[in-house]
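Could you put the whole structure together from the sequences, leaning on the hints where they help?
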Amino acid sequence: MLTIAGKTFRSRLFTGTGKFSSPRVMKEALLASGSEMVTVALRRVDLHDPADDIMAVLDRDRFFFLPNTAGARNAAEAVRLAKLARASGGGNWVKLEVTPDPRTLLPDPVETLAATEELVKAGFVVLPYMNADPILALRLQDAGAAAVMPLGSPIGTNQGVLTRFQVAIIIEQARVPVVVDAGIGAPSHAAEAMEMGADAVLVNTAIAVAGDPVRMAQAFAKAVEAGREAYEAGLGARRTEAEASSPQTGLDFLR
Amino acid sequence: MFIAPEFQQLRDRIAAGGPDAVERALARGRLDLDDLAALLSPAAGPFLAEMAQRSARLTRQRFGNVIQLYAPLYLSSFCINRCAYCGFSAGNAMPRRVLSFEEAEAEAMILHRRGFSHILLVSGEAPAKAGVEYLEALALRLRDKFAAISIEVQPLETAEYARLFAAGITAVAIYQETYDQTVYDQVHRAGKKRDFVYRLATPERAARAGMREVGIGALLGLSDWRAEGLAMGHHLAYLRKAFWRTGLTVSFPRIRPAKGEFAPLMPVSERDLTQLIFALRIFDPDLGLYLSTREEARYRDGMLGLGPTRYSAGSCTVPGGYGDSAASGAQFEIGDQRTIDEVSRAIRAKGLDPVRKDWDAIFQQHEQGRRQAA
Ligand code: SF4
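First to last, the sequence lines map onto chains A and B. With the numbering used here, letter number 197 in the first sequence gets 1109, and the count goes up by one each step, no holes. With the numbering used here, letter number 84 in the second sequence gets 221, and the count goes up by one each step, no holes.
If you are wondering where the hints come from, they were derived from the structure by calculation, not from laboratory data. All clues given are correct.
EDC-like mimics (lysine to aspartate or glutamate), calculated; alpha carbons at most 20 Å apart, straight line:
#	chain 1	residue 1	chain 2	residue 2
1	B	LYS487	B	GLU433
2	B	LYS487	A	ASP1164
3	B	LYS378	A	ASP1045
Chain A is faced by these chain B residues, among others (derived, beta-carbon under 7 Å):
#	residue
4	ALA186
5	TRP381
6	ARG408
7	ARG435
8	GLY439
To list a few chain B residues with every Cβ distance to chain A over 10 Å, as calculated:
#	residue
9	GLU143
10	ALA180
11	PHE238
12	GLY268
13	VAL269
14	ALA274
15	GLU297
16	ALA299
17	PRO401
18	GLY425
19	ARG475
20	THR476
21	ILE477
22	GLU479
Every value quoted in this text rests on a predicted model; they were computed, and no experiment measured them. Ideal Cβ placement from N, Cα and C applies to all residues, glycine included.
Spelled out as structure tokens, the structure:
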């Protein structure tokens, strides 16, 4: 089971509430995904308002809500959003997103680190969305991040884990769970990330915009499980290069 | 804090591995501790040539075709500990001395003239004779002449390491000697060194103080080398995670059966040593691996390019021994008596470059400036 900041999750598939055609479709898809962690944009929902169209359809006992700071362009904005959400009963967990470039929505590493430091000091459980930069991942962990969320490829591109080399380093060095976020466009991408040893993946768009979101949610659930199972079972690695069957390295000097 | 795994469990884990575990380990890109256990197992013996090939390739990939040269500078043979295996042990009747600053500087200048810019300051563990103040003052005197200064002395506190770092010492080697606590208690008969746990936490204190590099090691011949290798794997994995800014190195001092008075409790053959070196290289490709002049020239030459990245040369283990070849009271016997030029020639003959300088004190001065600014 996956544990983040003392909270355990049976499902390693994290989902989001954006881009669905209706709250009803969203609800069905999220139920079908088996996901227990759902991220919601603070700017989009009113966590406190039971009549909010998103909050109204999702069962809070079934889903853990992870508010995100989508839309924040710098640390100050992100911190302000998070504190406002907490003040209005949103809890102290936050998925930190700081994306100054509206075109690519790539995360700003400098501001993300600054915001993480500040939010951790303020008592938040911080899960920063980040580029797949291993040193940044370490710095965020040093700053107290409860998990790190490197991107597989730029958000919305559906390109899969293009950053696999760096994600592998992040996983290898991690002291906290690694959640691959963004760019996961197909169940095979999710399975790949899980096979690599990611602790979870976050999938939103690929489910929300699928022809049949409910079936796609099920497909992702299976892929995540399969990938995790393969990782735990111990994959036979691909050889990095053909090793000569009769090695040439001389050891005749040994006595 | 790092907690050493139970030694017998390590042995059992290694014994459990068969040839398929070895093949699996060799097929993987990144190895975990189970893979390391397999590579250390008797089942890996027949795979030594394959391990050599993999180790050589990784070493070349990560370090290039270079070997770093360094020389130890013995400062003091005083020691408060009684270690059964050591010439400096407090129980041994022998001439002892601690070099004055002038004497140490004179020795250092001999090494400097020989072309060394990396020196390793070594002493027995006697804080009253060669304590932090002594090391700090000496480092300040030497730092302009050497690109890098390392220490292999008694365990210190974090604040003391920080002080030495500021004085120009960038690396700390501290060997657990053995991760087998039963044997540890047997061979460390008296002195502060009897505290297994304090010693075990020393690499962490050095890393926490900001040292660029921390070295660990086991004295081979005290206990089961395979389990020592796995214990080191655990220790390294812990340090990598906890101190990602710190470079890690491993040394492989081996008690030689024929030499010295202390007979190894569990002899380690050349083949064993070789398997251990390859296994750790394959487990952690970025480790700096030392092969000192304890080993013979033939072996050291044979291992060039296969895994180790750092060689000492022309070493003398008597305080004052570089200037006065008649000085007596060595810590251990030297297996490779060649001069730095001879060793350099042997390195070049293998198509490798003997590097005498690979660090500059300017990094550290800069860092100090930053720390003060912060
Ligand atoms: S091994 Fe070190 S501590 Fe032990 S007697 Fe020798 S110099 Fe002293």
